[in-house]
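In my numbering, the protein residues as written are 16 to 165.
Among the clues, some could well be false.
As a list, the in silico DSSO-like pairs of lysine-lysine whose alpha-carbon atoms are at most 30 angstroms apart [said to hold, decoys possible]:
(1) LYS75 with LYS125
(2) LYS17 with LYS120
(3) LYS17 with LYS128
(4) LYS75 with LYS26
(5) LYS120 with LYS75
(6) LYS26 with LYS120
Between beta-carbon pairs, the in silico distance windows are [what the hints assert, rightly or not]:
(7) PHE64 with MET135: 33 to 39 angstroms
(8) ALA21 with THR82: 17 to 23 angstroms
(9) THR69 with ASP147: 32 to 38 angstroms
Don't read these hints as lab results, they were simulated from the structure. Beta carbons are placed, not taken as given, at the ideal position from N, Cα and C, and that holds for glycine.
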Amino acid sequence: MKAINAVDNFKYRIIDNEIFEYDVINASATLLRADNTFGFSFIHYTENFEDFNTNFENEKHRISTSTELYPPVNGLDCIHCSALPWFSFTSQKEPFSGAKDSVPKFAYSKTYKDGERLLMNVGISANHTLIDGYHIGRFAEIFQENLNRP
16 MKAINAVDNF
26 KYRIIDNEIF
36 EYDVINASAT
46 LLRADNTFGF
56 SFIHYTENFE
66 DFNTNFENEK
76 HRISTSTELY
86 PPVNGLDCIH
96 CSALPWFSFT
106 SQKEPFSGAK
116 DSVPKFAYSK
126 TYKDGERLLM
136 NVGISANHTL
146 IDGYHIGRFA
156 EIFQENLNRP
């Protein structure tokens with residue numbers, strides 16, 4: 016989320032045919048329940064890890080104790096993301112709900128070893144009106160920098 020919030024273009028959304036920029040982008044992750052159903056979360060982002068983790072744990076608890084599909088707070092000021100820890104992939108395509116859908120979608124694969132390196136594939140689907148390869152490249156650089164920190 017730090018890397019996403021560091022690249023301005025990931026904060027852009029199309030609203031009523033106009034480009035709008037949010038100050039902060041939150042996470043809307045798909046969370047799995049014990050019965051293998053899922054719910055969509057809305058995790059408020061903060062740079063403080065302990066606070067962000069508390070927000071995540073609260074959403075995880077809300078989803079695990081309900082059958083609701085959508086969160087009570089839901090907006091365009093987020094990214095949609097899914098973790099797929101069961102397998103690695105070389106490509107993926109997230110569904111979009113229309114030409115004006117401007118919420119970026121991320122999918123994170125199972126991690127795997129390549130020699131001494133730990134790898135994880137990240138699939139990104141974005142509205143090309145707002146996000147280009149340059150912006151995805153910037154995200155990838157910042158994401159990797161954050162992963163490399165102890």
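Hint by hint, here is what the structure shows:
1. LYS75 with LYS125: holds, 20 angstroms
2. LYS17 with LYS120: holds, 16 angstroms
3. LYS17 with LYS128: Given pair LYS17, LYS128 holds - Cα atoms ~25 angstroms apart, limit 30 angstroms.
4. LYS75 with LYS26: Distance of about 24 angstroms is within 30 angstroms: holds.
5. LYS120 with LYS75: holds, 20 angstroms
6. LYS26 with LYS120: Holds - the C-alpha atoms of LYS120 and LYS26 are around 13 angstroms apart, at most 30 angstroms.
7. PHE64 with MET135: 33 to 39 angstroms: Check failed, 19 angstroms falls outside 33 to 39 angstroms.
8. ALA21 with THR82: 17 to 23 angstroms: Violated - the Cβ-Cβ distance for ALA21 and THR82, about 36 angstroms, lies outside 17 to 23 angstroms.
9. THR69 with ASP147: 32 to 38 angstroms: holds, 35 angstroms
Of the hints listed earlier, those the structure fails to meet are numbers 7, 8, in rising order.
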